[in-house]
Every structure is written in structure tokens, then in C-alpha cells.
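Those protein sequences? They're chains A and B, same order as listed. Residue numbers 1 to 444, in UniProt numbering, belong to the letters of the first sequence in order. Residue numbers 1 to 564, in UniProt numbering, belong to the letters of the second sequence in order.
Errors might be hidden in some of the hints.
Straight-line alpha carbon distances no greater than 30 Å define the calculated DSSO-like cross-link-like pairs of lysine-lysine that follow [to be verified]:
no., chain 1, residue 1, chain 2, residue 2
1, A, K51, B, K160
2, B, K331, A, K260
3, A, K152, B, K280
4, A, K97, B, K272
5, A, K260, B, K316
6, A, K338, A, K321
7, B, K109, A, K135
8, B, K316, A, K269
9, B, K272, A, K135
10, B, K249, A, K97
11, A, K94, B, K109
12, A, K125, B, K253
13, B, K527, A, K21
14, A, K152, B, K331
15, A, K254, B, K249
16, A, K94, B, K316
17, A, K266, B, K253
18, A, K204, A, K152
19, B, K249, A, K94
Now the in silico label distances, taken between C-beta atoms and shown as ranges [stated by the list, open to error]:
no., chain 1, residue 1, chain 2, residue 2, range
20, A, R49, B, E364, 38 to 46 Å
21, A, R49, B, G29, 17 to 25 Å
22, A, A264, B, S294, 43 to 51 Å
23, B, E115, A, E242, 49 to 57 Å
24, A, R49, B, P143, 29 to 37 Å
25, B, V511, A, Q118, 30 to 38 Å
If you are wondering where the hints come from, they were derived from the structure by calculation, not from laboratory data. Glycine is no exception: its CB is placed at the ideal position from the N, C-alpha and C atoms.
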Amino acid sequence: MATGVKELPLPVLPDSWTAEKDFKAIGTLSDPVQRNIEPVGPHFLAHARRKRHKRTFSEDDRIQAQENVKKVEDDDSGEISEPEDPLMLQRDAKDWKGQDHYAVLGLSKYRHRATEDQIKRAHRKKVLRHHPDKKAAAGNTEDDSFFKCIQKATEILLDPVKRRQFDSVDEAADVDPPSKKQAKGKDFYKLWGNVFKSEARFSKIQPVPQLGNDKSTKEEVEHFYNFWYNFDSWRTFEYQDEDVPDDNESRDQKRHIERKNANARKKKKVEDNARLRKLVDDCLASDERIKRFRQEEHAQKNKKRFEREAEAKRQAEEAAKAKEEEARLKAEKDAADKAEKAESKKAKEAAKNAAKKNKRVIRGAAKDGNYFCGTETASPAQIDSALNDVDAIIAKLDVDELAALTGKLNGKKDVADIKEIFTTEVKRLVDAGKFKDGELKSLS
Amino acid sequence: MSEEESPRVAIGISFGNSYSSIAHTTPEGKAEVIANEEGDRQIPSILSYVEGEEFQGTQAKAQLVRNSKNTVAYFRDFIGQNFKSIDPTPCHQSAHPIEHENTIAFKIKDTEAEEENIVSISEITTRHIKKLVASASDFLGKPVTAAVVTVPTNFSDVQKHALKQAAEAAGVEILQFIAEPVAAVLAYDARSTAEIKDKVIVVADLGGTRSDVAVIASRGGMYSILATAHDYDFSGSHLDTVLVDHFAKEFLKKHKSASDPRLNARSLAKLKLESEAVKKALSLGASANFSVESLSDGLDFTATVNRSRYDLLASKVFAGFTRLVLGAVGKADLDPLDIAEIVLAGGTSHTPKIATALQNAFPESTSVLAPATSVTALNPSELAARGAAIQASLVAEFETEDVEQSTHPVVTVTPHLATAIGVLCLSSNESQARFSLLVDRATPVPVRRTKVFPTPREGGDVLVRLVEAVAEIKITAPAPRTKNRDEQDVDGEEESESEESEEEEEHRELVWRPTKTIAEAAVRGVKKGGRVEVQVNVGAGLECSLLVREVGGKGGVRGEVRGR
């Protein structure tokens, strides 16, 4: 039908492209949307003819077809969901500044989040219910005060400027910051999160970063606090203005009040900014994550130093250990030495004793051997020389030889035997060159 | 219907809350709105009774001042409703609706007798339609027996049924109900100069007591409503209220001791009537005179208001209309860039500022069809009646049963394509290729579209790749401007504010992004400078056949893609 020439040419066929009969089916069309065609116009009649000639649908299909149509009409049959406070119904419309416009329209659930469409629908529902003409028709007196409240609420909420002014001072949408005691542990994120969610409605920049939770990264948390410290709020306080007289009679009075209002607004704005700042300060002060990040940062920074210190400490410890070990070894060695010394001393003593004993035995043997004089009684000179000789032998003998000699002599009572033993001993000593032959007179 | 044999005489009726119109089609097939005996083409939907005599239209409207209790106005929306679900606000100045036997009624003196009668809403409607049909019959010279009636898109079946019964009581057979916005589109498309294109149209029907917006996809002359919005807070009566407040204040300024005319019912009625006249005058001229005799306390009041003053006073209501239209576009998941036309219908659409505000809110590619922005625009007040008349001429010959069957959901509910189908141009590489649209989304199937494409300069083999694509909005930020900070510091805030408002707007454009390849086909050996014709045929089961051939060549490639 629409035939025209576009300026852009078709692409050149790539060399690698092949297909049977030069056609390739690749995909299928996406799922369709069921919609109602308006049964209007000549083209529709043609369509209806085409469609009706083929028609074999049963009654079931008819119902099905109706149900599948995509909904384009709004469902207007919803109930007014919020119960109406009887006190609110008695409100005087003159006191409109004190009224909660959202509650009047039954939108207190949505508040600043209510869309224009919701407000219009809520208004319509309320009008349907509270119109004074209806009340009059039902026989009630002509009481239209709440209807006026509804009208006023709609007037304000449907005007973007006035609505902002009201939203600015809408206390019912505020969330009080939690105390330090309340906001501990897990509750911290929940309670403060709600506070910031409610404050976020004043931001000129949307979306507003939220508090997050325990697992938020450092960047997220920093971004959050940076954002809130540089918060750009559209909040205004015109709504709380004093009424400016509307006539021309007292211009001065009018200007005075206007000035007063402007000052009050400015002051409130400053106060609000301070309040928000304090809020963020309070939250920051008790934010565990900040503490944790600081610690982590600190830890990161000092990691090297700690490592170095640890190394030094380890080395010192090692040195101390080595020293101790050394001391221990030395002490052990000393003790061993001492013991050895004592032992050797003992041994020496014992040896000495043994030697003494042996000497005594040898001397005794010399005596037993009748001083090598055979059977005759020895003269004192013989005895003397014999003893001298024995002493000389003993002096020449070392401990072992002494012991051996003693062993030989032990038990020997026979004079000849004893002399024999001594003689062989002397002979051995002479052979060893310790004595000169004939040096020992008594035994040669 | 006693005279079955004689041909039906069918007219189109636009029955509104504030005004009704009647239209017929001339033998040449042109739709024309009929003027009643008083010469009005927009007949106020008001009935008034003075000592048994019935008045309708402009005469009845004048009775709102002196005889408000016996004047019934703005009753269209009450038809077929129960008392609980109606909004009686518009009727505050006239006879109040009351609950009567599960329906709505008015307590009026409609006979010469002194006592009040309870007249039900269907009876009122019957009387009103009777009057309308009588006017049409007088004009055409033969009795009118059938009509196509326009209703808002949110009119329920119960309401339609009630209206049909009321019309039958008046001796008129209602052939079909058609939606007001669709009637408006039909009125435009039925012009001989009109070109049937695939486009998305927004119809903003701005009436006296309510505004309705519909987003309509027009595909080869078939219309599917994508989204609707209804509004009771921005309408013609709110513009009247703006003027009422303005003139009441002016009056009080001039006459300091006088009482507020808004507090006296009769004064208020006078104010309203004259304000409406002033509003209409301001749609045509640059200034208008307001003149009421004995407005309040016997004081006459005359004043002049110019258009710029009026535009300023009503700026909030105008902004509301724009938001309403933009909201409906958003509801259809579309962007203002998707909208090809905005058709303004309804009496309030005459106001120039509404049309220019819409033109400013939408991109330049969107044409706003209203008297203020387009010289070829039709009269917005007449659109619905004209559309109804065209439809009436189309269905007049059909049997009633035939019409009913054709308008049944079985016929009207059709699968619509979820995504657009087209062909890749310039390159076979998806990132460089340009998408060329063949069948737009929301097109009812079966559908057939043909398009001719040029080929590369040297001819040869070309590739035709059929793809699905989604439209995306590409936003290009303006080049950042260097601000002169020093100057700003001298003069505080004023400077910075003006600078913000001067900031350049970002550039938005519609870009197609191919999402899925459906099929590929090759045309081999295209002659130098040859062109290729691509035809896509989507069946009712979403099976799709592709035919590509060189223009003037033989054969061509044909292929089928199976459906779902």
C-alpha cells in the first residue's frame, strides 16, 4: 500500500552468503498484542468482510476474544480505600491551611508520591460521594463544608506549584530521625533509611542515593554522604505565609506583611538546611560503616609498618632464643666439665689410692720377700737398699704397671717368687731403658 | 420501524454533555453539519420548560438564568448510571439530579400545571434526541429513521444500551455507537485530499465538562486505540470559571459597595453565560467585550478583556491540557516523537493557546490539527458529528444484524504486531545498517506492505534482510556552553535564573534498533541503477511471506517464514 522510494540503497550481498533458492528463513515474528480495531471507516468494513467469511468460531471463542483485548480503558470502579475520619468530615473549609489535603482525598498512603491521575481519580470518587446536591437530594441539609474541603484539596494538589508548597510543609510525610539508642545494629539501616527516603522527596536531583546496608561499598557510602551534604532542596515555606490583605486600601500594611513573609520563609529555609545538616551529621556519627572504613584504611596504611615491626620482633625473638640456647648449651657443657673433672679427680684419687695401696703392697711384698735377701735375715743396710730400690721401681712405674705388678705380687708369700717377680720387673724396666743395668743393687 | 421497505435515512449524531450536533452526508459523499431552526450547528444539550412549553438549545440555555430549576443540562453522562456513581457538579446551576426508581431523574415543572413532575433521565434523553432528529428531518426534507451516535471511549455497555432504548423511544434506530476520538480521525481521513498512511494520532477531545484523550494507531485506514485518558478537571467550564472570577473581581473593583455576583445564583448564571460568550469571542478575535445588564444589585457591568490577558489568567488550565495529552502518550508507552498528528476536537479546542501550547510541547514533526495551528484543520466542534455521519452513510445499507455481527469482538479483536518489521539498508552489518520501516508496530494482521528500494550504484547482487526493530529515543545533549562566572557574581540570583531558562534543550530523535532477523533473501544480477521491490505479507497466524524482485525484472525470490 505505502509505496515509495527511500534514498538509502540495499546492501551488497556478502560473498559468503548462500541459500537454497536464495531465501533463508531465520526467525519468527514476535508475539502479537490482542487489540480492538475500532469498527469504523471503509477499511474496517473490508476487514470485517474478509474476516467474517472465514469465520467458524464457536460461542466460546467469542467470549475468549473479548477477554483477550488489551485493556485501554481505566478501571474506574475502585473503592475509596481509606476510611474517612468523622472528625475530618466536619472540617471547616475556611481552615484549609490546616487540613491534610491527601487525607481529604483519601490518598494519605501515597502523599507526595500520588500521581496527577491518582489525584484526579480520588477527587472524582470523593465528589461522587460528597456532592452537596446529592446530600440535598437525599433530604439532608445543605451542608457542603466537606465538599469545599475536597475542592480546595484538589485545587492545591492539581497545581504543581501549590502542591510543592504543601508538600514542603507536609509533616505527615516526615519521618523522625531515630535516637542513638534506637538506631543500633541492624535497626540503624532501617530507621535511618526511612528518614532519608522521606527527606529525598525534597531533592531537586533525582534519584537520590539511599543509605544502603551493611554491605554497601565504600564508594556508595561516600557518595551517599557527599550527596546529602550538598543536598539541593526545593523545599519552600510559602504555605505557612501569613495572609496578605487582598485590597488596595492599606498598601503599606500589605508590603509589611509581604516583607515579613519573605523573611520568615528565608529563616525557615535556613533552619531547614541546618536541620538536614544536623541530621546527616547525626547519622554519620553513628554509622558503623564509616568507623569500619576508617579502620580498614588505617590498617591498609600501617600494614607495611606492622610487617616491618613484626619482622624485627621476630628476629629479636629468634636472637633471644638462640642466645638462650647457647647459654643452655654452655651451662650443660660446664656442668659436664665439672662432673668430668670431679670424676677424674675421683679417679685420680682412686688411682692415687690404688697406687698407694699398690705401693704399699709392693713394699709389703718387698718386706715379705725378705728384702730380696733370700732366706737370711736382712741387714738394715740391705733392707734400706731394698726399700730404696722398690721405691725407685715404684717411682719409675706408672699406675697400670704398678697395678700389674701388684696383681702379680698379690698373694705371693714365697720369698723367691717375690724376688723373681721383682727381678723380671726390673729386667723389663732395664730393657725399657728406665734403669741402667745394675742400678738397682738389691735386685740385680 | 413501520416503513421497512423504504430506504433508511441515517444521520450522524454527536451527543455531548454540553453540546450536540447532527450531520449528514451529501450525495457527493461529503459530510456536513446541519444547523437547527435557530441556525445553530452546536446545539446546547439543554432542555427547559416554561409553562408547559419545551425549549431546547440556545433558547433553553438562556433559561438557566431565570428558570434554572426547570432547566435540565449536562445530562449525557448520567444515562444508564445509578445515582451513586454520577458527578452532579455541572448541574449545580440547573435542575439537580435525584434518585428515582434505581435511576436518575429530575424534578421539573414540564406541564402547565403547578406541581412538579419527576422526569427520568431516559425520558429527557428521548426528548432531546427527538428534537435533534426533528431538526435534521426538516433540513433533509424526509424523516430520519436511523443514526450513528458518538460516545466517549469509556461509555459502558449498560450506558450504550440505555441510550439505544431512549433513542428508539424517539423513533430512531441506532445503527452503531462509535467512539468520539475515532469519529474525529475518520472525519479527517474521509477528506478527499487525505492520504492513508501508517501513523499514530492523538485525539484530544476537549469538551465543556470533560476532556478525553485517545492515542490511536492508524494503520492503512484501520484504527486501534492504544491508550485513553479521561479528565474532569480540565475542561471548557474551567476556562469559563477563570473568566467568571476575573470579571467578578473587576466588577467588585469598580463597584466597591456591591455584593459579589458569584454569591447570587442568578448573577452567577449571567456571569457564566457571558463568560462563555467572551471565551468563544477570544478564540476568534484579539479582544472581547463583556457586557451584562443588572449583574448584581441592579448594576450593569461592561468590560473588555484581551487575549493575552486571558491566556495569562487561564495558563494553569492550559498547562493542564498539555499535561493530560502528554500523560496519555506516556500511557501508550510512546514518546512525543512517535506522534504524527494531534487532532483537537471539541468546542474548547478553538482556543488558540491550547493548540500552540501542544505544538510547543511536541516536536516539530508532530502536526497539531486545530484552527490556530493549521489552516486546513476542520472545525473541532464538528469532527465527531461528521465522523458519525460518514460512518452512518457506510452502514446505512446493511442489515442491522450485519452491523451487529461486524462490530462484534470476534471481528474487531485482532492480533497486532508487537514490533515493527523492516529491511536493513546500506550495509549487511547491523551496527552500520539503517533500518527502513515496512510495517509499523501495532499494525493489525493480516497485512501487506510493499516498498521499492534503490540498489548500489553499480548494481550486482544485493541482500534483503527482513528484521524486527524497536524504536528508541536518542538524546543528544547540547554542546556545553562556557558560562561567564564573573558577570554572574555581580548580580546574584537573577542572573543565574535567567541563564538556566536560556539553557539549550537537548536534541531528541527517534532511532530504530534491529532486534531480530526474520529472513534473508538475495537478488542477483541487478542492473545498474535498478531498483528492488520488497513485499511483506503477514498472515493472521503471524506467518510471513517475503517477495523480492527487481522492478521490471522477471521472477524474483519468494519465501515463507512460518507463524506461531
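- Would you pick out the hints that fail for this structure and give their numbers low to high? 2, 11, 12 and 17
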